[in-house]
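*Asks:* Given the coordinates of chain A, work out where chain B should sit on it, guided by the hints.
There are 2 protein chains.
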Amino acid sequence: MRKISKVGRIVLGDGRVAIQSMFKKPLRAYSEASLKRLYNMGCDIMRFSISDESEDEIRSFVRRCDDLFPLVSDIQGSVSQAVRSLKAGCSAIRLNPANFRISDLESITELAGERNAAIRIGINEGSLDDRSDDAIIRFFDDYVSFFESRRFENLVLSVKSSDYSRTLFINRLIGERFGYPMHVGLTEAGDICVSAVRTTMVLCDLIKTGRIDTIRYSISGSEESEVRCAYEFLRTLGNASGDFQIVSCPMCARAGADVEEFDRMVENFVFDNFDIRGLNLKLAIMGCPVNGIKEAEDADVAVCATKSGYAIYRDGKLECNVCEKTEFESLFVETVSNAIKERAIGRKSI
Amino acid sequence: MRKISKVGRIVLGDGRVAIQSMFKKPLRAYSEASLKRLYNMGCDIMRFSISDESEDEIRSFVRRCDDLFPLVSDIQGSVSQAVRSLKAGCSAIRLNPANFRISDLESITELAGERNAAIRIGINEGSLDDRSDDAIIRFFDDYVSFFESRRFENLVLSVKSSDYSRTLFINRLIGERFGYPMHVGLTEAGDICVSAVRTTMVLCDLIKTGRIDTIRYSISGSEESEVRCAYEFLRTLGNASGDFQIVSCPMCARAGADVEEFDRMVENFVFDNFDIRGLNLKLAIMGCPVNGIKEAEDADVAVCATKSGYAIYRDGKLECNVCEKTEFESLFVETVSNAIKERAIGRKSI
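Which chain is which? The protein sequence lines are A and B, in order. My numbering applies: residue 1 is where the first sequence begins, and numbers increase by one. My numbering applies: residue 1 is where the second sequence begins, and numbers increase by one.
Pulled out of the complex, with its shape left as it was, chain A reads as follows (with noise of 0.2 Å):
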């Protein structure tokens, strides 16, 4: 048995995996600019630790991201944060059962209802006493047939460990137990390399189970990095919203230019000026010409650091050679809008 849940626009249960994140400062300092980039690569759902922010201040960031996101408020335990966020139009709150009296419920239950906003019960294994699966059964138990006593199921279900088998089996208990929609992620999951392979191993499994509704790799770094392995890890399978694809080569000493450096900031001019949904574009970025437009011929286009510069190709030929990093940034997205237009007449004209 399947449920179907919604926070904010965005439908949880129907087969769709959503991309999440968490912002990972006080709202107030996020520029416009730096939300709409996450909403560009692929970002669906966004969370954040509520601390101090007033009820207005939330209010006029739920309407900052409201073309972007939907917002969730992780409020771990405090009522009084429920209650502002709900009231500032939150699309979610999350709460953590371990550090939160059932009977403090009633009043959210009634105001989520209301304004129909979900709630995430989302146990963190770290935060408990006990932590076998008889506990944490009884947590869902008790938490889930409290709501649906209130007649309230628009609920998302997490559990999350830092331990890769104990992730996976308790992920598929209560996915199966329950029927909600989950929410699938690894709790201190590490720095980008071992959040991104961990995860992507706990990905791999429980994609299987049919029972991954949204996903976010917990990361020890950017927002940024979070959405991209997501929208990887989603778009290898063929499940992504648009099929946009960058590939890059690892540099080796024959490269001239710091591999790294150069992907970054293709990648934020990208994302910056492209929504990815929808986006069927393949973007090659490499450190050598001499082996490196023969690997990315089959890309729309692709960007080459040179000893003196840089060079844009179209289709595997070479549209220009620049040597300014501005003149370079205005070209390439000249280059990308182009591709991007000539993909579109010719679909139509097909």
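Since the hints were derived computationally from the structure, they do not count as laboratory data. Check the hints yourself; a few may be wrong.
Heads up, the list lumps identical chains together, so a pair's fine if it works in one copy or across two of them.
[Unchecked claim] Each computed EDC-like pair below joins lysine to aspartate or glutamate, with the alpha-carbon atoms no more than 16 Å apart:
1. K87 <-> E319
2. K25 <-> D258
3. K282 <-> E297
4. K317 <-> D66
5. K25 <-> E261
6. K25 <-> D272
7. K282 <-> D52
8. K282 <-> D163
9. K6 <-> E106
10. K307 <-> D66
11. K341 <-> D56
12. K208 <-> D163
13. K282 <-> D298
*Replies:* For chain B alone, coordinates are given in the frame of chain A:
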């Protein structure tokens, strides 16, 4: 049928999986400390792309790496580079059949045989004109036959693509058909996020074939990130040579510090001071002592960035609070050393 090959002291084909990475800068750019760090992180084999280095320069680098890892020289299609590398003492060369005439292989094969060096026949899909399965199999058939007819069987095979499904299919085919040890990875794999996700997905699938002997995460990033990803993949499967685990929090608005930077600092201390082989230790790196320590209480050593400095915990109990970075560094290394010693004593007394 499974064959065994040897890259220096590293045996391939016996079921263990060796971690491989590649130098991204000219050899002279690497300090002793940076080489030692790669070794400490679990690296088994390093490759480099030879360019203008003389035989003496390579020989001197081989010696510098002698206690750390065998070296593979990437000669692509140059006979003279192959000869220089083998004479200088490299443990293997990698050649790309797409760039190499089979008629040029006589002298190289003889020399590799004399020096007990391995040869990797490594195809990158991107360097082929004809990328069909048939063409790839023909390359391997021709080259493998050539070497076997000269009684040279110290071979490693690899075939890399940037495409997920293609990589799975062709690796299964080649691994099964020839039985030689396989080096597995992707080419043009992307930045840390994209490569870590995509390569993990490939490895999760191929590991089941039992035909993965050495792996590389190609990343548009540092060698360290490549080794970290590979180690974490093997560790999670229980296949790594140690059981050293790092967990770290993904940071939220409650964090006392930039966890990404703090994490990098702590990891550098670890890898500069300790070899992870056989290091049975769990380390937690947390951004907030409030939730953090509860979540990290099963770690042997936990460190927290606090608003005023750093805190170090042993087995969930506060060991010390410091505010200066330099003081933190020495106390941290001391705490980890003590934890290792006590564990070693504990083991002996049982």
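*Asks:* Against this structure, judge whether each hint is valid.
*Replies:* Here's how the hints hold up against the structure:
1. Taking CA atoms no more than 16 Å apart as the test, K87 paired with E319 passes in neither setting, with 54 Å inside one copy and 43 Å between copies.
2. In the homo-oligomer, the alpha carbons of K25 and D258 lie at most 16 Å apart only across protomers (10 Å), although the nearest pairing inside one protomer, at 29 Å, exceeds that limit.
3. When the C-alpha separation of K282 and E297 is checked against a cutoff of 16 Å, the pair qualifies only within one copy, where the shortest distance is 10 Å, while the shortest distance between copies is 45 Å.
4. With identical chains, the CA atoms of K317 and D66 are never at most 16 Å apart, being 41 Å at best within one copy and 44 Å at best between copies.
5. Taking CA atoms no more than 16 Å apart as the test, K25 paired with E261 passes between copies only; the shortest distance there is 14 Å, against 24 Å inside one copy.
6. In this assembly of identical chains, the alpha carbons of K25 and D272 never lie at most 16 Å apart, being 20 Å within a copy and 30 Å across copies at closest.
7. Taking CA atoms no more than 16 Å apart as the test, K282 paired with D52 passes in neither setting, with 43 Å inside one copy and 34 Å between copies.
8. When the C-alpha separation of K282 and D163 is checked against a cutoff of 16 Å, the pair qualifies only between copies, where the shortest distance is 12 Å, while the shortest distance within a copy is 35 Å.
9. Within a single copy, K6 and E106 get their C-alpha atoms no closer than 20 Å, and across copies no closer than 67 Å, so neither meets the 16 Å cut-off.
10. Taking identical chains as interchangeable, the C-alpha atoms of K307 and D66 are never at most 16 Å apart, the minima being 44 Å within one chain and 33 Å between chains.
11. With identical chains, the CA atoms of K341 and D56 are never at most 16 Å apart, being 42 Å at best within one copy and 54 Å at best between copies.
12. In this assembly of identical chains, the alpha carbons of K208 and D163 never lie at most 16 Å apart, being 19 Å within a copy and 21 Å across copies at closest.
13. For a Cα distance limit of 16 Å, the shortest separation of K282 from D298 inside one copy, 8 Å, qualifies, whereas the shortest one across copies, 44 Å, does not.
Hints 1, 4, 6, 7, 9, 10, 11, 12 from the earlier list are contradicted by this structure; the remaining hints agree with it.
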